[in-house]
Amino acid sequence: MKCDGIPSGCAISGMMSEDGRRIDGRIIIKSIACMHDRSNGLGGGFAAYGIYPNRKDMYAFHMMYDNIEAKEATEEFFKNVFNVDKDEAIPTQRENGVSNEPILWRYFLEVPESKLEFLSERDYVMKTVMKINSDIEGAFVASSGKNMGAFKGVGYPEDIGRFYKLEDYSAYIWTAHGRFPTNTPGWWGGAHPFTLLDWSVVHNGEISSYGINKRYLEMFGYKLELRTDTEVIAYMFDLLVRRHKLPPSLAVTALASPFWKDIDRMEPEKKKLATLVRQVYGSTLLNGPFSIIIGHNRGMIGLNDRIKLRPMTAARKDDMLYMASEESAIREIEPDLDVVWSPKAGTAVVGTLKEEVE
Amino acid sequence: MESQLPAEFVVNVDHERCRRCKRCVINCSFSAIEFKDKVTPNHRLCVACHRCATFCPESAITITENPLDYKYGYNWSPEIRKNILKQAESGGIILTGMGNPRPYPIYWDHMLIDACQVTNPSIDPLREPMELRTYLGAKPEAIEFEGEHDNISLKTELAPQVKLDIPVVFAAMSYGAISLNAHKALAMAARRMGTLMNTGEGGLHEDLASYTDRIIVQVASGRFGVTSKYLNNSAIVEIKIGQGAKPGIGGHLPGEKVGEDISKTRMIPVGTDALSPAPHHDIYSIEDLSQLIYAIKEATDYKKPVSVKIAAVHNVAAIASGIVRAGADIVMIDGFRGGTGAAPMIIRDHVGIPIELALAAVDDRLRQEGIRNRASILVGGSIRQSADVVKAIALGADACVIGTASLIAMGCRVCQKCYTGNCAWGIATQKPELVRRLNPELAADRLCNLLTAWGHEIQEVLGSLGIIAVESLRGSRERLRGVGLPQETLDILGIKHAGIGQ
Amino acid sequence: MKIDAKGLHYRPMNKIIRDAVAAGEKEFELDNVGGQRYIGTGLNEPVKITINGTPGNDLGAFMNGPKIIVNANAQDGIANTMNAGEIIVHGNVGDIIGYGMRGGKLYIKGDAGYRVGIHMKEYKKQVPVIIAGGTAGDFFGEYMAGGLIILLGMNGKSPIVGDYVGTGMHGGVMYIRGKVDPYHLGKEVNCLELNEEDMKLIGSYLKEYCEHFGFDLNEVMSGKFTKLVPLSHRPYGNLYVY
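Quick mapping for you: the protein sequence lines, in order, are chains A, B and C. Per this note's numbering, the first sequence starts with residue 1, numbered consecutively. Per this note's numbering, the second sequence starts with residue 359, numbered consecutively. Per this note's numbering, the third sequence starts with residue 861, numbered consecutively.
Incorrect hints may appear among the rest.
Stated by the list, open to error - Here chain A is said to cover these stretches of chain B; the calculated rule only asks that three of the stretch's residues, wherever they fall, bring their Cβ under 8 Å from a Cβ of chain A: (1) 578-590; (2) 776-784.
Unchecked claim - Simulated crosslink set (SDA-like; lysine to any residue; CA at most 20 Å straight-line): (3) A:272 - B:499; (4) C:985 - B:516; (5) B:444 - C:1096; (6) A:79 - A:110; (7) A:131 - B:726; (8) A:245 - A:264; (9) C:875 - B:516; (10) B:661 - B:568; (11) B:444 - C:1068; (12) A:261 - B:521; (13) B:661 - C:878; (14) A:270 - B:512; (15) B:587 - C:878; (16) B:661 - C:875; (17) C:985 - B:475; (18) C:1017 - C:985; (19) A:270 - B:552; (20) A:308 - B:475.
What the hints assert, rightly or not - Just some of the chain B residues that point at chain A, by a computed CB distance under 8 Å: (21) 474; (22) 477; (23) 509; (24) 510; (25) 730.
Because the hints were derived from the structure by calculation, they are not lab data. The C-beta atom is built at its ideal place from N, Cα and C for all residues, glycine as well.
This is chain A alone, in the form it adopts within the complex:
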């Protein structure tokens, strides 16, 4: 059952080791649990990077199925489009406050050479994801990146975390989301994070420019079936960074552009670039209140809306970068920080995995 988008308030938290150290999931659960009152038990989720080192070159598909028919249809579909290296149930445990879970299954997939005559591998996988989500009734791709995964569902985030046994995973990036939707959802796919390939997004707020952001993405073949603004952000990064090859710092400028009054005061080279980005990518501008954390295989980006309508705190300690809706959620897991700051509106906080880290 795929349901309409629902406006929601939320909590977000993210942490990464720029040295690439793997950290188990209990820490991030602790952080997001600290902001319990920002969610209402109708959605929670996590994204984790670096969790499948043994199959790091395969696409790890986390699937949600409403029923066994959807699973069978999807597996039949996989036969024709991928080489399936391994598939298994995603390990879970009974947890109070978590119920009505769909069938949760994961697949490690490779793209057959023969499929890549006209498309890049990632475009091929993206199209496949779009096809499953729109064409196979009752099937939903929760995540589809390499060496990463999304774990999400209906419930408080800390319950969802325990349900998925996140203590058994170690990752160099963790992001988390606690949701406060304003009506009754009940659909596991609708929880955050939203993902596409390696991109994952957790998001607090609502995008008032959703209508045009969606229509813009549709021009490039993205299918926005979920009607959620978070999906928009994930696809936007995929388009700008992966397909249009903008440096992430510039992609951020497109999504939360400086004001014209500030652009006009920039030195000529910067002004030219900022003007160009706004002229070309005006339709990607995100309006309305938001704070988001975008995860990808090489790092993590935090971003606020242009007039800071949603909160965000960032902090560093040694090789660790933290971001969260509230400082307390960071202090909860690292009381002794080197530096804590509130990022300026529209200015990205960027964490990057050190180059030597694989």
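Dock chains B and C against chain A, hints included.
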């Protein structure tokens, strides 16, 4: 032939209040008021331009519709009966002015705008930034860079862009159709408000030479006043294919309007008809349009965006797509309610389609083909108020053009007699004594006031929508809902019916 | 400046010409021209351009001063909205030549296609001139509002000119060497005999024309010309009722 047509209006003069100052007599440019011992109207000649009533110091004049009832007939309306009488007396095509007055549906008035409540906040436009800046011109699909990592440099060379401080542009109205003072007022207001005026097809008067960075110069089939200097002294060059009020019909400035100054600007002898036939005879197909677009680009060294203006007709989406692929930087679409200085009534009232539907279809089509970024869309054809602008932008327009609204701001009363050249307000006339009535400075002030007010109103709506830049409204049909529209219309507009949530 | 146009797209080629004109170059010779459009378009300097090969459409569009010599046939849209200058074609030309032309001269040795000189116009001393040595197609001088067109029909083909000659004509004058069947004429045209002044006028242009192409002026002038002028400067004045 003696006319059987009754007077359309009755001029009532309150002789007790009248102090016989004769201002009304002097002001009436249609000879509808004489002075014979007292102010004496000739009702038949009155067009309800309100000039006399406005200038009567005693407010002693009122004008009413002639209360002459016809035997009721829904089918044979008085309008239709009068037109038949007129043609029976003359054998002519009925000529008229301004936009289509008939009661076709106005879709703007069946669309409602969203607002934020609780889940996302509205924003106070008085306090927070609200950006209306818009750039017209072709945009690339993506920005491209050369080099790798930290050592990258910009590869993309952007096509020429024109900056608008407010997404409202003055519509094409030729010097000839309107007076030089009206042209001056539009140019001054465009400069002050950071927007553009449009020469129309009559060339550019030399007095406006200092405003050329704010002027769209038009190239129509008549090629009046078109030289390489004219093309290069401009903000944008526009190829006029059609006009909403008269799709498929050419222009015709009667010889009596071609005086010394018009003759100079249009570069034709005094007293000759200035005929613009319907087609450009060098454009019989889309590849010919492309040829002309690139001829203009060659002649302007690729420094000016080239716009192509068409009337909204049935197949407008495919036509617009062809225009974009032919190399146009801007597509200007003029809806069937757009104004004109003169058009056959049969064309004005019965040909074309509403701009709302045309815009939605064009924006959709260009998106489906993945080429929406390649051209800006300008729309006109009865943009009456800032709400229409907001709705047009939400449907997908980059900016709107206003013709009639700008004339009304200058004093026009929409009496629809533009083609007579007798405009009492000095707007649609070339008679020096009438043109003098329009003070360009004051008219420019009125135009600036109108745009300032609309700008504030658009910002108010953006604030209530919770967005702080107009590009986030552009094409955001999710923020519109239809009321009282059938499903098919909603589908064409790409909007949901009111009452349906996200 | 010599330019080998072989394989060169019009855009870089015309840019080379524009840049060179800006730098002061006065003479160009373009070899191996094959369909490059817009040669001379928008140029404002009295430069000379010799074209060897077949130039593309819109040759000399919006042109304002240059002299172009084409040593071959040329295509459609020559002298489109041209303001000043000269184009001399040693061959035939295509359709829609001299559209909206407002000044300068277009001399064609051979035949012209359909729609010659549509909407040509004049203003005071600025009078555009088209002379073609052969025949022309339909809609000759349609909507003509000013200027001068001469058609010589020297290659003996018949008819000299197609249908709808001067339809909508409301200014200017056309001279056709030979008889024009009234059947071919538009409704707005009046057919007149030439007087001495007419002969003087066309003589001055034809002298120049004949020098370009090596024709015998006396022979050309010995033919019987028909003069076409508009019946009215306001052909559609009575069509409308207010």
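Against the structure, the hints come out as follows:
Chain A is given as covering the region 578-590 of chain B, and this is violated because 0 residues of the stretch bring a CB closer than 8 Å to a CB of that chain, at least three being needed. With 0 residues having a Cβ less than 8 Å from any Cβ of chain A, the region 776-784 of chain B misses the three-residue criterion, and the hint is violated. Proximity of residue 272 of chain A to residue 499 of chain B is assessed by CA-CA distance (about 17 Å); at most 20 Å being required, the pair is judged to hold. Restraint check: the Cα-Cα separation between residue 985 of chain C and residue 516 of chain B comes to about 42 Å, which exceeds 20 Å; the hinted pair is violated.
A C-alpha spacing of about 19 Å is found between residue 444 of chain B and residue 1096 of chain C, which places the hinted pair at or below 20 Å, so the restraint holds. A C-alpha spacing of about 11 Å is found between residue 79 of chain A and residue 110 of chain A, which places the hinted pair at or below 20 Å, so the restraint holds. Proximity of residue 131 of chain A to residue 726 of chain B is assessed by CA-CA distance (about 18 Å); at most 20 Å being required, the pair is judged to hold. For a cut-off of 20 Å, the pair hint linking residue 245 of chain A to residue 264 of chain A is broken: about 26 Å separates their Cα positions.
Between residue 875 of chain C and residue 516 of chain B the alpha-carbon distance is near 18 Å, which keeps this suggested pair within the 20 Å criterion. Taking the CA atoms of residue 661 of chain B and residue 568 of chain B, the gap is near 18 Å; set against the 20 Å cutoff, the hint holds. Straight-line distance between C-alpha atoms of residue 444 of chain B and residue 1068 of chain C comes to about 55 Å, which puts the hinted pair past the 20 Å bound. For the given pair, residue 261 of chain A sits about 14 Å from residue 521 of chain B by alpha-carbon distance, which is consistent with the 20 Å threshold.
With a C-alpha separation of about 14 Å, the suggested pairing of residue 661 of chain B with residue 878 of chain C holds against the 20 Å cut-off. At roughly 11 Å between alpha-carbon atoms, residue 270 of chain A and residue 512 of chain B fall within 20 Å of each other, so this suggested pair holds. A C-alpha spacing of about 15 Å is found between residue 587 of chain B and residue 878 of chain C, which places the hinted pair at or below 20 Å, so the restraint holds. For the hint linking residue 661 of chain B to residue 875 of chain C, the alpha-carbon distance of about 13 Å falls within 20 Å, and the restraint holds.
For the given pair, residue 985 of chain C sits about 69 Å from residue 475 of chain B by alpha-carbon distance, which is inconsistent with the 20 Å threshold. Proximity of residue 1017 of chain C to residue 985 of chain C is assessed by CA-CA distance (about 34 Å); at most 20 Å being required, the pair is judged violated. Restraint check: the Cα-Cα separation between residue 270 of chain A and residue 552 of chain B comes to about 23 Å, which exceeds 20 Å; the hinted pair is violated. A C-alpha spacing of about 18 Å is found between residue 308 of chain A and residue 475 of chain B, which places the hinted pair at or below 20 Å, so the restraint holds.
About 7 Å separates the beta-carbon of residue 474 of chain B from the nearest beta-carbon of chain A, less than 8 Å, and the hint is met. Checking residue 477 of chain B against chain A by beta carbon gives a least distance of about 4 Å; that is within 8 Å, so the hint holds. For the restraint placing residue 509 of chain B at the interface with chain A, the shortest Cβ-Cβ distance is roughly 11 Å, beyond the 8 Å limit, so the hint is violated. Interface restraint check for residue 510 of chain B: the shortest CB-CB distance to chain A comes to about 7 Å, inside 8 Å, so the restraint holds.
The restraint placing residue 730 of chain B at the interface with chain A holds, with a minimum CB-CB distance near 6 Å, inside the 8 Å limit.
In this structure, the earlier hints numbered 1, 2, 4, 8, 11, 17, 18, 19, 23 are contradicted, and the remaining ones agree with it.
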